[in-house]
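*Asks:* Here's the letter readout for the chains.
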Amino acid sequence: MLLLTCPHCGVTAEETEFAPGGEAHLKRFGPGSDDDAFEAYMFNRKNPMGVHFERWRHAYGCGKWFIAARCTVTLEVFGTYPAQTTEPPAGIVETIKAKRPEWEGYK
Amino acid sequence: MSRRLASGGRLIDRARPLKFTFNDQHMSGFAGDTLASAMLGRGQVLAGRSFKYHRPRGVVASGAEEPNALVGLGKGERFEPNQRTTTTELFDGLSATSQNHWPSLEFDLLAANNLVPQFLTAGFYYKTFLRPRAFWKHVYEPIIRRSAGLGRAPDAESRDPDRYELVYGFADVLVIGGGVAGLQAALAAGRAGARVMLWEQTAHWGGRAPVDGVEIDGQPADSWIKSAVEALEGMENVSLRLRCMGAGVHDHGYVLGNERVADHLPGASGPRQRLWRVRADRVITATGAIERPLSFAGNDLPGVMLASAVRDYVVNWAVSPGRTVVVTNNDDAYRTAIALKEAGEDVPVIADARDEATGALPQKARDLGIRIMTGTGVQKVKGGKTVTGVALCRIDSDGSTHTEVLDCDAVAMSGGWSPVVHLWSHCGGKLIWDDAQAFFRPDPDRPPLGHDGAGFVACAGAASGALGAGDGLADAHAAGAAAARDTGATGDAGHPARAEAPEEAPLRQVWIMPARAGYALRMKMWLDFQNDVKVSDVQLAAREGYHSVEHTKRYTTLGMATDQGKLSNINGLAVLSDALDQPIPATGTTTFRPPYTPITLGAISGEAKGDLFQPLRRTPMHDWHAANGVHWEPVGQWRRPFAYLRAGEDVHQSVNREVLNARSNIGLLDASTLGKILVSGPDAGRFLDMLYTNMMSTLRPGKCRYGLMCNENGFLMDDGVVARLDEQSFLVHTTSGGADHIHGWMEDWLQCEWWDWKVHTVNLTEQFAQIAVVGPKARALLERLGGMDLSREALPFMGWAEGTLGGVRARVFRISFSGELSFEVAVPAAQGRAFWDMLLHQGRDLGVMPYGTEALHILRAEKGFIMIGDETDGTVIPQDLNLNWAISKKKDDFLGKRGMERVAMTDPDRWKLVGLETLDGSVLPHGALAVVEGVNANGQAQTEGRVTSSYYSATLGRGIAMALVRRGPDRMGEVLRFAGAHDARIEARIVDPVLHDKDGEKLHG
Ligand SMILES: [Zn+2]
Chain Y
1 MLLLTCPHCG
11 VTAEETEFAP
21 GGEAHLKRFG
31 PGSDDDAFEA
41 YMFNRKNPMG
51 VHFERWRHAY
61 GCGKWFIAAR
71 CTVTLEVFGT
81 YPAQTTEPPA
91 GIVETIKAKR
101 PEWEGYK
Chain V
1 MSRRLASGGR
11 LIDRARPLKF
21 TFNDQHMSGF
31 AGDTLASAML
41 GRGQVLAGRS
51 FKYHRPRGVV
61 ASGAEEPNAL
71 VGLGKGERFE
81 PNQRTTTTEL
91 FDGLSATSQN
101 HWPSLEFDLL
111 AANNLVPQFL
121 TAGFYYKTFL
131 RPRAFWKHVY
141 EPIIRRSAGL
151 GRAPDAESRD
161 PDRYELVYGF
171 ADVLVIGGGV
181 AGLQAALAAG
191 RAGARVMLWE
201 QTAHWGGRAP
211 VDGVEIDGQP
221 ADSWIKSAVE
231 ALEGMENVSL
241 RLRCMGAGVH
251 DHGYVLGNER
261 VADHLPGASG
271 PRQRLWRVRA
281 DRVITATGAI
291 ERPLSFAGND
301 LPGVMLASAV
311 RDYVVNWAVS
321 PGRTVVVTNN
331 DDAYRTAIAL
341 KEAGEDVPVI
351 ADARDEATGA
361 LPQKARDLGI
371 RIMTGTGVQK
381 VKGGKTVTGV
391 ALCRIDSDGS
401 THTEVLDCDA
411 VAMSGGWSPV
421 VHLWSHCGGK
431 LIWDDAQAFF
441 RPDPDRPPLG
451 HDGAGFVACA
461 GAASGALGAG
471 DGLADAHAAG
481 AAAARDTGAT
491 GDAGHPARAE
501 APEEAPLRQV
511 WIMPARAGYA
521 LRMKMWLDFQ
531 NDVKVSDVQL
541 AAREGYHSVE
551 HTKRYTTLGM
561 ATDQGKLSNI
571 NGLAVLSDAL
581 DQPIPATGTT
591 TFRPPYTPIT
601 LGAISGEAKG
611 DLFQPLRRTP
621 MHDWHAANGV
631 HWEPVGQWRR
641 PFAYLRAGED
651 VHQSVNREVL
661 NARSNIGLLD
671 ASTLGKILVS
681 GPDAGRFLDM
691 LYTNMMSTLR
701 PGKCRYGLMC
711 NENGFLMDDG
721 VVARLDEQSF
731 LVHTTSGGAD
741 HIHGWMEDWL
751 QCEWWDWKVH
761 TVNLTEQFAQ
771 IAVVGPKARA
781 LLERLGGMDL
791 SREALPFMGW
801 AEGTLGGVRA
811 RVFRISFSGE
821 LSFEVAVPAA
831 QGRAFWDMLL
841 HQGRDLGVMP
851 YGTEALHILR
861 AEKGFIMIGD
871 ETDGTVIPQD
881 LNLNWAISKK
891 KDDFLGKRGM
901 ERVAMTDPDR
911 WKLVGLETLD
921 GSVLPHGALA
931 VVEGVNANGQ
941 AQTEGRVTSS
951 YYSATLGRGI
961 AMALVRRGPD
971 RMGEVLRFAG
981 AHDARIEARI
991 VDPVLHDKDG
1001 EKLHG
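If you read the sequences in order, they're chains Y and V. Taking UniProt numbering, I'd label the letters of the first sequence as residues 1 to 107. Taking UniProt numbering, I'd label the letters of the second sequence as residues 1 to 1005.
Hints in this document: simulated from the structure, not taken from any laboratory. Misleading hints may appear alongside valid ones.
[Stated by the list, open to error] Quick list of in silico lysine-lysine cross-link-like pairs, BS3-like style, CA-CA up to 30 Å: (1) Lys703(V) with Lys758(V); (2) Lys46(Y) with Lys99(Y); (3) Lys27(Y) with Lys897(V); (4) Lys430(V) with Lys46(Y); (5) Lys27(Y) with Lys46(Y); (6) Lys703(V) with Lys27(Y); (7) Lys27(Y) with Lys430(V); (8) Lys64(Y) with Lys107(Y); (9) Lys758(V) with Lys27(Y); (10) Lys107(Y) with Lys897(V); (11) Lys97(Y) with Lys19(V); (12) Lys758(V) with Lys64(Y); (13) Lys27(Y) with Lys890(V); (14) Lys99(Y) with Lys430(V); (15) Lys64(Y) with Lys897(V); (16) Lys46(Y) with Lys897(V).
[To be verified] Sample of chain Y residues at the chain V side, in silico, Cβ under 7 Å: (17) Met1; (18) Leu2; (19) Leu3; (20) Pro7.
In this text, all values refer to a predicted model and were calculated from it rather than measured experimentally. All residues carry an ideal CB built from backbone N, CA and C; glycine is no exception.
Use the sequences and the hints to build the structure in full.
*Replies:* Here it is as structure tokens:
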């Protein structure tokens, strides 16, 4: 059971205090998008072995959504940041690059 | 033979005899005994029968690793199967029964399996079940169910009367294992100032050191242990717990522990067991090592035991197995021969597989006059229900001839030791093969990692591979001090204690005995005692192509029993490696999974059962329902009245009465569970336009609109009425079960996609009591209360008004889910009950009568209204329910719009909503499928629709139903055949789903 820190209220809590929301930084494809783009948005997930960005909601706390950058193999958490962004903050990217030089980036 | 010695026994109190029964035979032992030591002490060696072959089995070990001596403990509601006698503390009145025999332990007819051991070789289940198919159910399964297996499950109707609790704990350093290494690690971390927890799974501190005669800091181990425990108890930052098994080490330092608080104290107040959930910054596993059996023919006979276990029984409980032959590949087992000899017992020989035995321990054995035969192993053990003798042979031979035959009561075997690496491995700690000591030990460079990327588990003492007491204490001290330092403790950890123990010579790796044994011997060499897996089975698996250790495990069932292969694991993979002609580390180990030993389900559920299973949400009128004949229906965490029963009525009659009354007089529905979410802000209208399939931003204040919510797939998710409160705020009603989910859904989009939109949401569900006042006399009743103009002109259908009704502030929504004239009245929750009582009182002569959720369902079905969860199942789009009118064509975008445009969603063959009328007036089974001629590729009937709602309509006097049918609306009047029970076919005609008040006169009334 993971320990996560909510970047909104600063609380570090048990995984059961949060609700998971799947892969982060997805771009929404609505009406007018082609089938491939819509399929990718709906169904295609990276499911990486390694660095992963995922959405969490502090469901039994402040109620806010945030994004956790973590390693799916070692479970190391590189950092958490508010969900109101389309890409990971530079500081988190730097941290990950330092710890995982082979990492190919979040895209 | 096995018996109690006249003196000795460091753990027993001979002044306190205890009585117990085994298979209803009265026996006695002493306080401090385990059930195993007490049984062996009075000569009861035979403990049970084996899993497949029903071979007689006795105690092998003295602790948690015991595979054989499993019994059923207790009686009636307290009966528990598969309990290890070696870890069961004896108490007065204990009752135990042996398992897996028929008809009796002493005489087992199914031991005939044993005569044809080929019958159940590796992969037996897979091979046998291939064909013929009909044999599975009628031949193989009954045979296997009767013969294979362990204890009986408790009676399904019994309820565990004991209490269990869950406890949360936090520690800087959690030390698991209270042997001398664990004590030393805790001392170092405690002295340094860390918050320390120390757990020991048995009832005693100190582990094996006192049995092995270790001296620590110049004193006998017992007295060092006593002072170490006293020192720890004196530290405010340290807590100690006996009988607490470290069950599993999980992500980020989350550790489960199972504390057997009162298993040994029947009738004591308080919980029987406690499940600890601890977050620890650092975990030290000081879990010791487990001795390995040797694989020789007949090694499963009762009386063949681990050498360390024999020593434990002699020293701890003054129980001797009798005249004992010791067979070993290492020096440590000599301690057993010495302990037996010093207790006055006969040790005819020590058979040592090594070419020479010259260390301090062999020398001491020689000095005691014990005969030592080197280069020697066991050819086979002789005996039936217990050991009667042993034949020895040259270790490097094929075992076809013996060198000597000796009479004996027992065989003490030692194949070396394996560190207990389970807890290290649970969360990803890696192992390395130590060829000199012939075991896998933790690789300190590859520990499990915590949230910060640092290793959070360390091993101490024998668990890290430091088998000798001297090395173990130094290792444990270092681990404790380092863990404390990692957590920020800055105090002085002090110095490690110094232990004196004889030097030990290297062992010889022996995986089968003798080395070149032929098939006849190999098929009598047990690897996994509990699951009856033998050397020959693993070799057969290898020949049949099972090269992965994980596959071999499942094919042979090696290590899959309740002991999870604690004794068999290393021996099994060594045999597999040999068969595959590869080194042991190339084979690797199977995965170690929690819990370390089984935990009873009661401890896992804790207090979460009965009324405490989950929170109960109550509406303000809950108590009135409870006092007025309610038949409850769970809806999420709510309890809603299904119907209100009057004297002499069954549920069906009550429901019919409630339906008819709502249609003719006034029905009251407690609708407080309906979700009520306030959505406000400058962008609220724009936001709701995205959320709903229809337009909400054009709704005028004072008006209500029904809307549908879909997910991005276009599948219908929720529905309800939106009321516009003012220019910037809307009150969104959701389904009862959907309130929390929809509120979360809104927040997801607002926070993660449209975070620049100015919208605020609040879930107000529990702030209001909501009552539906339904029926032709509804307006008359509300007007009696006074305070608001609720006339058709002032408050038309789909309008809402705010005011005071009968002195209570109220919002009145002129909406209907029943097809009747209907008002939904929301009042502050605190006044809900008073308002409800007022309606009942004022409406008595108008025929007011509450109705429950079943009447609600019938009323809406008569009117053809859909219900989320009945007409929808997560794959239904609004168009399937003929709700195209509620899908805006003006909007460029809304959630689900793109999903609905996919080819499959516009397929004209989709199943669509229709009404059904059975030809015979009966009620269709809910969920019944419409069948057509022919079968599909799987031989199943072809279907063209299914019933989504089905009720008896008291209004119409017959069964009514709604269904999704292929091209349904185009097939009005057609008769379909629905599948009923026992191949019955029920004919029903497709009709308009609206069966009541088709013109809406009542609705708009
Ligand atoms: Zn928070």
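*Asks:* Give a verdict on every hint.
*Replies:* Hint by hint, here is what the structure shows:
no.	hint	result
1	Lys703(V) with Lys758(V)	holds, 23 Å
2	Lys46(Y) with Lys99(Y)	holds, 20 Å
3	Lys27(Y) with Lys897(V)	holds, 16 Å
4	Lys430(V) with Lys46(Y)	holds, 27 Å
5	Lys27(Y) with Lys46(Y)	holds, 14 Å
6	Lys703(V) with Lys27(Y)	violated, 36 Å
7	Lys27(Y) with Lys430(V)	violated, 39 Å
8	Lys64(Y) with Lys107(Y)	holds, 24 Å
9	Lys758(V) with Lys27(Y)	holds, 21 Å
10	Lys107(Y) with Lys897(V)	holds, 27 Å
11	Lys97(Y) with Lys19(V)	violated, 67 Å
12	Lys758(V) with Lys64(Y)	holds, 16 Å
13	Lys27(Y) with Lys890(V)	holds, 24 Å
14	Lys99(Y) with Lys430(V)	holds, 20 Å
15	Lys64(Y) with Lys897(V)	holds, 27 Å
16	Lys46(Y) with Lys897(V)	holds, 25 Å
17	Met1	holds, 5 Å
18	Leu2	holds, 5 Å
19	Leu3	holds, 4 Å
20	Pro7	violated, 12 Å
Hint check: violations occur at hints 6, 7, 11, 20; the rest are consistent with the structure.
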